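Undergrad: Chain R is already provided as a structure; the job is to place chain H on it using the hints.
2 protein chains.
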Amino acid sequence: MPILRLKDFFSTRKDPFYHQIKSLLKFSPKSLEYYKRAFIHRSLNRRDINGIAINYERLEFLGDSILSSIISSYLFKNIPDGSEGYLTQMRSKIVSRNHLNELGSELNLINFVQSNIADENHGENIHGNLFEALIGAIFLDKGYPYCKKFIFQNVIIPHVDLERLKNKIISYKSLFIEWCQKNKKEYEYYTFEDNGNEPIKHFGVKLSVDNKVVAKARETSKKKAEEKASKRAFFMFQEEILKDKQN
Amino acid sequence: MPILRLKDFFSTRKDPFYHQIKSLLKFSPKSLEYYKRAFIHRSLNRRDINGIAINYERLEFLGDSILSSIISSYLFKNIPDGSEGYLTQMRSKIVSRNHLNELGSELNLINFVQSNIADENHGENIHGNLFEALIGAIFLDKGYPYCKKFIFQNVIIPHVDLERLKNKIISYKSLFIEWCQKNKKEYEYYTFEDNGNEPIKHFGVKLSVDNKVVAKARETSKKKAEEKASKRAFFMFQEEILKDKQN
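Read top to bottom, the protein sequences are chains R and H.
Anchor point for the first sequence: position 189 equals 189 in the UniProt record's numbering, and the numbering is continuous, going up by one each time.
Anchor point for the second sequence: position 41 equals 41 in the UniProt record's numbering, and the numbering is continuous, going up by one each time.
One chain only, chain R, in its complex shape (with noise of 0.2 Å):
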């Protein structure tokens, strides 16, 4: 961690980005370079004197396992009848790519970024990198214990409400291979390029349920396809899924 000294105090309060940031983080931050890094785009192509790439991409590396761990220990202290499987189950919840999105956009932080590209033409997930990135500065400023009280101002506190989060489906492929295992069905996903005539890599996905297909999707990741797949074939299934879930 850097020192500090008497000079760099009073330079880096000149700065109009440490007020803004102060004001975000509702504690003053105490090197500026970490937030800066933060909010830089990789599309700016900005390197250091190295050769090495500035930007927040490695800063989201770290502040997604900080956020994580943060998360762990609380759903820990806080649900003491929760099984491993259960706590983990709730944290996906809670730092999913969709939720993350949410939190990092309800900040603002786009206003913040660094980049070639239009803000409008960055795509969903530049709030979720945005957001774990500058969790990721906070830890190498101040230490986990100023990450643990940003979480808890700005994702815990106002956003978990563990009872609602309980009936949240995350993944309806978990949920559809759940059911299949429990009823002794045999499931295949089977993927497979289909780019048709698009530009960007497409997947198809046709989902069968002994031997029979029940449900098809393509996307732009084979992720994607089976996770549409899934949901369309737990809508058709939801009664039985659903009853299973009760008993």
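If you are wondering where the hints come from, they were derived from the structure by calculation, not from laboratory data.
All values derive from a computational prediction rather than experimental measurement.
The reader is advised that the hints may include incorrect statements.
In this list, chains with the same sequence are indistinguishable; a pair is considered to hold if it fits within one copy or across any two.
As the list claims (entries may be wrong) - As a list, the in silico DSS-like pairs of lysine-lysine whose alpha-carbon atoms are at most 25 Å apart:
| id | residue 1 | residue 2 |
| --- | --- | --- |
| 1 | K77 | K30 |
| 2 | K182 | K201 |
| 3 | K216 | K184 |
| 4 | K22 | K182 |
| 5 | K142 | K184 |
| 6 | K149 | K173 |
| 7 | K185 | K142 |
| 8 | K184 | K201 |
| 9 | K22 | K228 |
| 10 | K26 | K182 |
| 11 | K148 | K36 |
| 12 | K201 | K185 |
| 13 | K212 | K168 |
| 14 | K184 | K223 |
| 15 | K184 | K77 |
| 16 | K166 | K228 |
| 17 | K173 | K223 |
| 18 | K216 | K142 |
| 19 | K201 | K222 |
| 20 | K36 | K77 |
| 21 | K224 | K173 |
TA: Below, chain H alone, put in the same frame as chain R:
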């Protein structure tokens, strides 16, 4: 965190377990209860007055997540030129099931376990599970900095050689899929239940490339069977795959 009273302080130190744990941790535990729980296997079927199961599985959930965040932070700081994807790969190698099993086994954690099952019937994974549970216990008892200290002493300093790790293959499945995708080969993992005459559930996998079955495997989980088939396929195409990796 529990407040330690003078009375507890002396009774804690009278417990022989205190000295065993202290020599394992290389620092003094505060509350022994966490560490005791870290070694209670579910087979004892122990429950508290509310009927909640007492065993180490919830601590495993917590420890796994804390371990992952500490390794992430170490990798972030020590591989300044690694991309997000590279850091993720390196982390998977360090926290792989096999590696955690080695770590737990080296510390002889199984000597502490309380279980209704004989040590030799526990299977390999118990070593890694106990290791994760122990980290969960340290986190609850002494907080993040002591976890970091323990992980540096027992994982990073003796076992993490970043240069050597770079070349370790952790998942033959990902390697094989990556190679198929790069070379526009269509691949399919066809997985089916195949218990044979055995009492435990088994899965069979047929891995085909361009509609030709190239490897088969059978294992106790879908994931293990797929990895085994991928490894077999890897050795069939080894020369081409490795040539590809070098380019």
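Undergrad: Now tell me if each hint is right for this structure.
TA: Verification of the hints:
Taking the closest pair of Cα atoms, K77 and K30 come within 25 Å of each other only across two copies (18 Å); inside a single copy the shortest separation is 30 Å, beyond that limit. Proximity of K182 to K201 under the C-alpha cut-off of 25 Å is restricted to the inter-copy arrangement: shortest distance 12 Å between copies versus 34 Å within a copy. Taking the shortest alpha-carbon separations for K216 and K184, both the intra-copy value of 21 Å and the inter-copy value of 22 Å come in at or below 25 Å. Taking the shortest alpha-carbon separations for K22 and K182, neither the intra-copy value of 51 Å nor the inter-copy value of 45 Å comes in at or below 25 Å.
Proximity of K142 to K184 under the C-alpha cut-off of 25 Å is found in neither arrangement, the shortest distances being 52 Å within a copy and 46 Å between copies. In this homomeric assembly, K149 and K173 never come within 25 Å of each other (Cα to Cα): the closest approach is 34 Å inside a single copy and 39 Å across copies. When the C-alpha separation of K185 and K142 is checked against a cutoff of 25 Å, the pair qualifies neither within a copy, at 52 Å, nor between copies, at 47 Å. Taking identical chains as interchangeable, the C-alpha atoms of K184 and K201 lie at most 25 Å apart only when they sit on different chains, with a minimum of 11 Å there against 34 Å within one chain.
In the homo-oligomer, the alpha carbons of K22 and K228 never lie at most 25 Å apart, since the shortest distance is 40 Å inside one protomer and 51 Å across protomers. Within a single copy, K26 and K182 get their C-alpha atoms no closer than 48 Å, and across copies no closer than 46 Å, so neither meets the 25 Å cut-off. Only within a single protomer do K148 and K36 lie at most 25 Å apart by alpha-carbon distance; the minimum there is 21 Å, versus 27 Å between protomers. Taking the shortest alpha-carbon separations for K201 and K185, only the inter-copy value of 14 Å comes in at or below 25 Å, while the best intra-copy value is 31 Å.
For the identical chains of this complex, K212 and K168 are neighbours neither inside a copy (29 Å) nor across copies (41 Å), given an alpha-carbon limit of 25 Å. Taking identical chains as interchangeable, the C-alpha atoms of K184 and K223 lie at most 25 Å apart whether they share a chain (24 Å) or sit on different chains (18 Å). Proximity of K184 to K77 under the C-alpha cut-off of 25 Å is found in neither arrangement, the shortest distances being 36 Å within a copy and 48 Å between copies. Taking the closest pair of Cα atoms, K166 and K228 come within 25 Å of each other only inside a single copy of the chain (22 Å); across copies the shortest separation is 35 Å, beyond that limit.
Proximity of K173 to K223 under the C-alpha cut-off of 25 Å is found in both arrangements, the shortest distances being 9 Å within a copy and 16 Å between copies. With identical chains, the CA atoms of K216 and K142 are never at most 25 Å apart, being 48 Å at best within one copy and 51 Å at best between copies. Taking CA atoms no more than 25 Å apart as the test, K201 paired with K222 passes inside one copy only; the shortest distance there is 10 Å, against 27 Å between copies. Taking the closest pair of Cα atoms, K36 and K77 come within 25 Å of each other only across two copies (18 Å); inside a single copy the shortest separation is 34 Å, beyond that limit.
Taking the shortest Cα distances, K224 and K173 sit within 25 Å of each other both inside one copy (10 Å) and across copies (19 Å).
Checked against the numbered hints given earlier, this structure breaks hints 4, 5, 6, 7, 9, 10, 13, 15 and 18; the rest are met.
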